[in-house]
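J.: When you read off a place in the sequence shown, starting at 1, and then add 129, the result is the number in the numbering used here.
Keep in mind that a hint or two might mislead.
[Stated by the list, open to error] Label-pair distances were calculated between CB atoms; the ranges are:
#, residue 1, residue 2, range
1, A369, S457, 52 to 62 Å
2, Q364, H644, 15 to 25 Å
3, D285, P368, 47 to 57 Å
4, A288, S219, 18 to 28 Å
5, D415, Q712, 52 to 62 Å
6, S701, A450, 33 to 43 Å
7, R713, D479, 52 to 62 Å
8, T296, E336, 22 to 32 Å
[What the hints assert, rightly or not] Using 30 Å as the maximum straight-line C-alpha spacing, the simulated DSS-like pairs for lysine-lysine come out as follows:
#, residue 1, residue 2
9, K497, K396
10, K396, K447
11, K508, K432
12, K532, K643
13, K563, K447
14, K447, K497
15, K621, K529
16, K529, K497
17, K643, K432
In short, the hints are calculated from the structure, not lab data.
Note that beta-carbon positions come from the ideal geometry of N, C-alpha and C, so glycine has one too.
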Amino acid sequence: MPSRPRLATSRKPRRRSFMADPFKHPVSGIYYLRRRVPAELRPALGHEYKRSLKTRDPGQAKSRYAAAWTESDAAFAVARAGLAGIEAISLEDSSQLAARWFRSEQARLERSRRFTEMLAEGPGGRWSQGDHEEEWASYLTLAQAAAQGEGPPNNDWAALVAPHIRTALSEHGLPLPPSDSLVASHLNLAFIEHLHKLSSWALQRHEGEFTAPGQDVAPIAPLATERQKERSTKQIRLPALFDSYSNEKILNDGDTRATRKTIASFKSTVERFVELVGDLHVNDIDRDAVGRFRALLARMPAKGEGTRGLSAQALITKADAENLTRLSEPTIRNQLRALSAVLSHAVRLDWLSENPVIAGGAGRAAAKAATRRTVTTRKRKEYTRSELQAIFNSPAFASKNWKPPRANFGEAWYWLPVLLFYTGARREELAQLKAIDVRRSEDGIWHLNILAVADEEDGDRGVKTESSRRLIPLHPDVVDRGFLVYANSVDKSGQLFPELKANPSGYYGANFGKHWTNYLRSTVRLVSPVSPMHGFRHTFKTLCRDVGITEEVHDALTGHAGSGGVGRAYGSMSLRRMSEELQRLPRIIDL
130 MPSRPRLATS
140 RKPRRRSFMA
150 DPFKHPVSGI
160 YYLRRRVPAE
170 LRPALGHEYK
180 RSLKTRDPGQ
190 AKSRYAAAWT
200 ESDAAFAVAR
210 AGLAGIEAIS
220 LEDSSQLAAR
230 WFRSEQARLE
240 RSRRFTEMLA
250 EGPGGRWSQG
260 DHEEEWASYL
270 TLAQAAAQGE
280 GPPNNDWAAL
290 VAPHIRTALS
300 EHGLPLPPSD
310 SLVASHLNLA
320 FIEHLHKLSS
330 WALQRHEGEF
340 TAPGQDVAPI
350 APLATERQKE
360 RSTKQIRLPA
370 LFDSYSNEKI
380 LNDGDTRATR
390 KTIASFKSTV
400 ERFVELVGDL
410 HVNDIDRDAV
420 GRFRALLARM
430 PAKGEGTRGL
440 SAQALITKAD
450 AENLTRLSEP
460 TIRNQLRALS
470 AVLSHAVRLD
480 WLSENPVIAG
490 GAGRAAAKAA
500 TRRTVTTRKR
510 KEYTRSELQA
520 IFNSPAFASK
530 NWKPPRANFG
540 EAWYWLPVLL
550 FYTGARREEL
560 AQLKAIDVRR
570 SEDGIWHLNI
580 LAVADEEDGD
590 RGVKTESSRR
600 LIPLHPDVVD
610 RGFLVYANSV
620 DKSGQLFPEL
630 KANPSGYYGA
640 NFGKHWTNYL
650 RSTVRLVSPV
660 SPMHGFRHTF
670 KTLCRDVGIT
680 EEVHDALTGH
690 AGSGGVGRAY
700 GSMSLRRMSE
710 ELQRLPRIID
720 L
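Please model the complete structure; the sequences and the hints are all you need to start from.
T.: Laid out in structure tokens, this is it:
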């Protein structure tokens with residue numbers, strides 16, 4: 130008796146946990162989107178919506194996760210439309226889904242060479258010659274087996290193809306239509322028809338015939354939902370794409386002040402592109418459009434009187450007429466990088482086939498020009514000893530009766546530059562400190578906690594990179610100058626420098642930085658190419674090298690990841706070792 134066809138059947142999924150981050154498969158290591166399906170949509174989509182992100186790289190998984198989540202939203206919307214009586218699958222889609230299933234199964238069988246999976250066993254026999262005896266079997270197509278009364282139970286072909294229909298719909302984010310609908314009937318008929326075509330082809334292949342696959346099967350064509358997506362994509366303009374990019378970046382990197390700063394910077398680039406090139410649809414932003422953007426940026430003025438509030442074209446006209454200094458190559462490079470990041474998001478969402486900034490070479494050319502410019506115009510980044518003497522002998526440090534010009538930042542006027550000199554820390558790392566961040570270790574070493582020790586109320590404070598989380602010992606001169614006395618005088622529940630207020634972007638040191646620049650210019654009369662505050666960080670690194678502090682120590686002090694190989698990622702630098710090495714740094718008075 131012919132056996133029933135051995136077709137793959139669906140299995141009831143095991144109950145698993147659901148999470149709002151990419152799920153890493155414990156065996157394959159591939160990341161997935163997994164999302165619980167609302168109860169009302171489960172008859173159409175099942176209990177879990179799951180899609181492979183097709184990567185083992187956690188960074189790529191995060192970038193692809195937002196697009197996959199968007200697709201899941203679309204699938205849920207289609208399913209809800211079906212509940213409301215709106216057909217999500219056209220009659221033409223039924224045949225197309227069946228054709229896609231046919232070609233997928235055909236390819237699978239070719240790879241496995243198990244063509245009998247789509248066949249039924251026919252009558253066998255026994256063959257003998259002399260003492261040798263051997264059994265042989267024959268196979269039938271499913272239609273031939275049914276003609277002999279060996280079809281599926283109760284001749285229910287719909288039940289046989291049902292799991293394959295569910296799988297096909299799930300792969301395309303489509304809901305299962307109501308069983309009594311016209312679409313459900315067409316789906317059943319289409320899949321049954323293609324099942325028999327697949328069985329006939331499988332018998333030919335089993336018998337060694339190499340016939341052209343799927344000659345009478347429809348070619349792959351877009352589904353209705355895919356055509357709709359293609360039409361809607363063509364209507365998306367750059368500002369809308371940027372909104373999608375912003376949402377993904379916040380999802381991936383968190384809603385931090387650093388993320389918001391990046392988004393604000395990139396938004397200005399997008400707005401500048403729209404001004405200069407036009408409010409184009411995403412598909413119209415090609416290599417030529419990017420080239421025009423770069424050329425127009427090169428004509429924009431870097432600064433100049435009367436430029437505030439002017440449109441981009443008016444700025445170019447003014448720059449041409451008055452021969453103003455134009456945007457530097459590094460600035461142009463950075464704006465192209467910002468545009469490239471947004472367009473790469475469109476590529477990940479399949480809204481663009483290529484990133485025209487990368488494909489056209491504009492980004493690479495701008496980076497090369499910026500590098501060439503930097504090499505030929507490289508300026509000094511660290512303070513000289515005479516400049517440091519001028520700074521620390523100025524009124525803010527030498528006169529007890531000195532009053533701050535216009536802005537009163539309290540003791541930050543004195544302590545922030547001193548700490549910058551002796552720690553090599555970034556301005557914001559020090560400006561955002563709380564009073565409790567001045568600590569003493571178990572072996573008596575006073576130090577600053579740069580978000581290395583968790584604080585439940587860190588709020589909007591942050592660091593540039595994870596390696597920036599660290600402890601920095603205090604130089605003896607900082608203690609001798611009375612810093613611990615000052616730290617003990619402020620409210621332990623508040624900021625170390627209470628008069629430093631966060632700006633709208635959440636940065637405590639931004640306003641101080643502006644006034645410090647004015648102080649150096651107007652009071653100290655310092656003329657230097659060095660960045661007013663970040664120059665202390667470069668100076669610290671230079672002085673560390675001058676006095677023989679090893680690279681691994683001054684990297685640990687400044688929060689640099691270092692480049693010493695894999696071994697650097699193991700263990701940590703002790704506070705005592707850093708404290709001992711830091712004492713080699715010369716005191717300000719000895720400069």
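J.: All hints, please: hold or fail.
T.: Going through the hints against the structure:
1. A369 to S457: 52 to 62 Å: Since A369 and S457 have Cβ atoms about 31 Å apart, the given range 52 to 62 Å is violated.
2. Q364 to H644: 15 to 25 Å: violated, 48 Å
3. D285 to P368: 47 to 57 Å: Given a distance of about 54 Å, which is inside 47 to 57 Å, the answer is holds.
4. A288 to S219: 18 to 28 Å: holds, 24 Å
5. D415 to Q712: 52 to 62 Å: With Cβ atoms ~60 Å apart, the hint holds.
6. S701 to A450: 33 to 43 Å: violated, 59 Å
7. R713 to D479: 52 to 62 Å: At roughly 57 Å between Cβ atoms, D479 and R713 fall inside 52 to 62 Å, so the hint holds.
8. T296 to E336: 22 to 32 Å: holds, 28 Å
9. K497 to K396: OK: K497 and K396 at ~24 Å, within 30 Å.
10. K396 to K447: Since the Cα atoms of K396 and K447 sit roughly 24 Å apart, the hinted pair holds (cutoff 30 Å).
11. K508 to K432: Given that 30 Å is the threshold and the Cα spacing comes to 20 Å, the pair holds.
12. K532 to K643: holds, 17 Å
13. K563 to K447: violated, 47 Å
14. K447 to K497: holds, 28 Å
15. K621 to K529: Satisfied, since the Cα-Cα distance of roughly 26 Å is no more than 30 Å.
16. K529 to K497: With Cα atoms ~51 Å apart, K529 and K497 exceed 30 Å; violated.
17. K643 to K432: holds, 17 Å
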